[in-house]
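J.: Protein chains in written order, with numbering that gives the first Met the number 0: chain A, 0 to 102; chain B, 0 to 394; chain C, 0 to 168; chain D, 0 to 647.
Quick caveat, the hints were computed from the structure, so don't treat them as lab data. Take the hints with a grain of salt, since some may be wrong.
Partial pick of chain B residues on the chain C-facing surface, computed with a CB cut under 10 angstroms [unchecked claim]: (1) H30; (2) F39; (3) N141; (4) L145; (5) I148; (6) W163; (7) G164; (8) M175; (9) T189; (10) L190; (11) V193; (12) S199; (13) L202; (14) E252; (15) E254.
What you are looking at is a predicted structure, and each value in this text was computed from that prediction instead of being measured. Quick reminder that beta carbons are idealized off the backbone N, C-alpha and C, glycines included.
What follows is each chain in one-letter form.
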Amino acid sequence: MIIPLAHILIFSLLLFATGLYGVLVRRNIIGILISIELMLNAANINLIAFSKSTSLSPETGQIFAIFVLAIAATTAAVGLAIVLALYRVRKTVYTDEVHLLKW
Amino acid sequence: MNMPPLLRDIEFAVDLSFVNAKGWILDLLSHIVPDWVVVFASIVISGVAILVLGPVIMMYLTLLERKLIGRIQNRYGPNRVGIWGLLQPIADGIKMFTKEDIVPVYADKVIHCLAPIVIVIPALMVFLVVPFGERMTAVNLNIGLLYFIAVSSITTIPIFMGSWGSRNKYSLLGGMRTAAQMISYEVPMTLSVVPVIMMSQSLSTNKIVLSQSGSYDMNWFIFTPWGIVGFIIFFLCAVAECNRPPFDLPEAESEIIAGFHTEYSGMKFALFYMAEYMNAFTLCGIAATLFLGGWQGPFLPSWIWFLGKTFVLICVMIWFRGTFPRFRVDQLMGFAWKFLLPLTLINILVAGLCHFISEKTGWIYSFIIFSISFWVLVRLNRPWMPEKRHYPLAN
Amino acid sequence: MDMLSLIIKFGIYGTMALALIAAIAVVTLRNLFHSALCLAAVLIATAMIYAAFHADFLAAAQILLYVGAVMTLIIFAIMLTEQLGSKTIRQTNRQNLAALAGLLVFVVILGRVIFKTPWPVTEKALASKVTVMELGKAFMGPYVFPFEVISIILIAALLGAVVIAKKDR
Amino acid sequence: MVTSDQIILVPLLPFIAFAVNLLAGRWLKHRAAWLSVAASTIACFIAIPVCWAVFQGNHFANQGTWLMLGQTPLKFGYVMDPLSSSLLFMVTIVGTLIQIYAMGYMHGDPRYSRFFAYVSLFMSAMLTLSISDNYLLFFMSWEIMGLCSYLLIGFYFEKDSAAKAGFKAFLTTRVGDVGFLIGFLTLFSAIGTLNFSEMNALMANAHHAGAPLHAGLLSLAALLIFCGTIGKSAQFPLHVWLPDAMEGPTPVSALIHAATMVAAGVFLVARSFSLFMIVPNVLPVVTVIGTITAFMAAFIALTQTDIKRILAYSTISQLGYMVTALGLSGLGAGTFHLITHAFFKALLFMAAGSVIHGTHVQDIREMGGLFKKMPHTATTFIIASLALAGIPPLSGFWSKDEILLSAFASGHKIVFMILLLTAFMTAFYMFRLIFLTFFGQPRNLKVHAHESPAVMTAPLWALAFGSIVIGFPGSPFMHHWFQKFMAHMVHHPEYEPSAFVMACSVAAAVCGISLAGVIYLKKIRWAQKTAETFSFLYRLSLNKCYFDELYSRCIVKPFQSLGRFLFGFDARIVDGAVNGTGHATLFISAVKGWIDKYIVDGLVNFTGTLTHFLNSIVKRLQTGFVQNYLLIVFIGILVFLVWELKII
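Starting from the given sequences, assemble the full structure and let the hints guide the process.
T.: Listed below in structure tokens is the structure:
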């Protein structure tokens, strides 16, 4: 390991927190999706770091990371399709303008 | 190979001349500076070679194209600047440098300026894994082919940047067309490479080339049933990937002026142009690597073989430009998704089949399978005509 | 420690810093297209970190999938939905301060945990270098079932995306 | 290869033909007839070997449980004994021939396929009835036949008279059918079975023991069952529907109202003969009814002018003969006459139909001299008439002789005299009909007669052959084989043949024919003079003994006035009560409406307002804003994290 594991974990934590901030704060749904990709990336970094340092079979972490990649791709595809459908119906992509379930 | 020893020595010397030159320089350096500097020097030497090679290739490809197109269209092509017009690219370069650099008022200026720079980077980066000759791969990555595909897929982003940053509807339309086209053709291209990976059992470009050696170094993958189909698919996709005719919809002059680089002029335009020609070159080079045996070949030095094959393929591309009319958008997408994609999947199956049976029966079976699937796919894709359009003003 | 690994180390730290800055730009930039480009930067930086951890295949896959495909999709969506003159629209909602406070607490807690935990580092794992072939064998061996499941999920997502995004006729 | 169970196919095939014709008739068009005829023909070819086996002395029966009535299983099955086999033999042959004839007669009818569907259904029901082994199945097919009769009489329902005739037939027979239903249910309660053979066995035991069980109940049952016969076989006083039933197509008249369905009534008595034998005082009633019917119908027939009506009254008269025979314990004689009559009466009707087909008139006064124009029809008609009149050696002679013999030998001299007189009248009116129709000069020049096609005349000749030979099994030439065959069924007295009776019968017939010939070929005004002389009798005969008027006056009119009275009652009192209830309800509902509006609704609204007020406070949690929820989830996770890691 070239750099200590904790540093990578802190890096991924910060990346995750940034993504979470985006998810909580961005008004644009596409912005939220982008932030979700950030969070997934942070998780992937963790997986790789652990597979490189503590895992018993070294390929497990990578394989899980690849699964996460695939899931991220599906998330993006379906999520963006939903956004497009929403935009077509409501002419908006801002979360606080889509509040049919509001009181 | 049974050659006289002297000849072989000479051939080796010529073959490895560039490699030996680099080794000699590094050897010299290692006496003067610490090790890590030598490593850096190695990288720098390769990098400088590539950085020089890229623009030169671009410049002379434009000349080649103009000449060839000229001949195809019954004219001479550029012949005034220098002997046979050889100095024409340099004159063009000077013109590009001295032209006014226009930035539209409402453009997203940072992105507008960043786009041409960014687009060159992947175009240059893919040179890293192109095996120019024996031991002449800049970085012998063990995932070389994947690296190539991944890096060349980045190209969509600078195109988006250029099209978005220009704030021009033709740019935007052209950018979206480009992205759609590149994404679509990336799929069959990647899949058409799969049989090669299966057969050579490696992702390294170098190993792929090595696995095509054999008697007279002519055991190329194009001489197998799956190889020839894969090569055709790969080459068509490559033509589409670098937006060349007949797949040049993103920059169709008659429809959307010049596509995503409508608003670019001067050196920024030159960078786009350069990236395009470098992409064409690398794609042809990779096609030669994957299917035509790369630098493998009898008698001649390896890098001559490689460059020769690559230039033949580039000439075919130029020939395409002089011959075929442009596709329509729906035809373009349908061709990728409904024709090439199924055919690549069938090709993977055929490759598996050929691996397990003898060569002759393999040819027969493959011929039958490809004929049937070709016929079926053509039948299925028959209604390429779009729905009848209504022109309200015409009524 | 020799110079080369020092350079690599600083390279990694630099990449991390770049990724973090780009990530902050992703969530704070007003122009969504810019944040998408910054995301691309983050992703490429992450890919480089993967490569530094000898996960070559994953790095290439990251670039191919994320930068090549997902980013293109996102930018497409942005282009289809964004009004070009929307600079004045507020891009964050009113709970940013609350979120920021919560996230600070979160980072502090988890940071404490990370630094306090004695992470076991095995030499075997450090020495290992996973090749593409091993990955492929793992996919076709112990992980074949999740692999097949993910393929089904991909197909389902493909169909679902097409159906959802298709215009009603 | 006579396997008995194939007999089930016999009713089933026409039923399939019915179903197909009904469902696909629009598509089949004229092919419908082929289907029906084929079904009947195949049924015939299946039935005849089985019947032949029964004639050889075999006996088949099979049954299966249909449902359980409490502890008593209700079994359906078939029985092939002498009685049912004779009927089956007759019905399949006559039915098939009549359907072939109908193909020609009904040609070009718009409801061609429906006609054959109905006929097939009727055939199916009739054949089921022939082979059924219990009263319930018997009754079911009996009712289906009634339905078919109704449908086919009213086949030309555009004609008001046809619709009304169907209605009349249906209602009139209904009286008898209800009697029959109650009758066999009474019998079931008395002896606990509906199965014929079980009943026969019980009766035989009782007969030998000499002590009838529940004599009163059984008598009632027998009388009620006889009601069914009266209705179906058009006996006095329920005979009025049969002449009107002639509104239907002629093949229907031949098949249903001459040969088969009306005979079913007689068949019912024959089936229940063991019951009738054992109970006292019922057979005389049967005899009286039969005699009255026979005489009265013959008397009415003397003056009728419609060709089909004459034949209808003749049918009633002959049915009366059969009932009389049964009443005189002459099971063999009655059944024999049933079979022979079916042949020659069907032939008569079909020939009459052929005449109508050829001339398009039905009134015999408008015909005349048709012999030359329609030789086949006329010849076969005369053969049938001779058989009906009782001229030896035709079939009618042998069967009628048997009946007269049983009347003579059992000592009922009055009955014998009446029957003899009836036989004379029969010969007279039949030949009045023949001479008016086929001989003399054409009286209406507008009538352009022509011979019917072969598809109609061929069945005529086939039946004519049958009419000639079918009497021989019961004649002395074959040693009264038929009567002996029938005697296997139920023990009943047998009589020695008497030359005197034969002579009387032949004499009556010859007298009737000669008289008719003299009057209607030479001295036509004698008829006029006779009518004037005996004007009362003439009018009585011409107006069918005023039965219709009587029924109209006694039954229909009172019912109508009762209906009118009840209508008034309904309109005034019942409606008044209903309206009063309505008004009261309106008033009460107005009161309740007020209560609802101001008290109940007030409460409900109050609850609603309260809820609304409360939720206006609570609802602010639901912002409808996804990220808000997410933030709350996130904070919740933070709290858990803090709690779990025990940081604070």
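J.: Any of the earlier hints contradicted here, and which numbers?
T.: 1, 10, 11, 12, 14, 15
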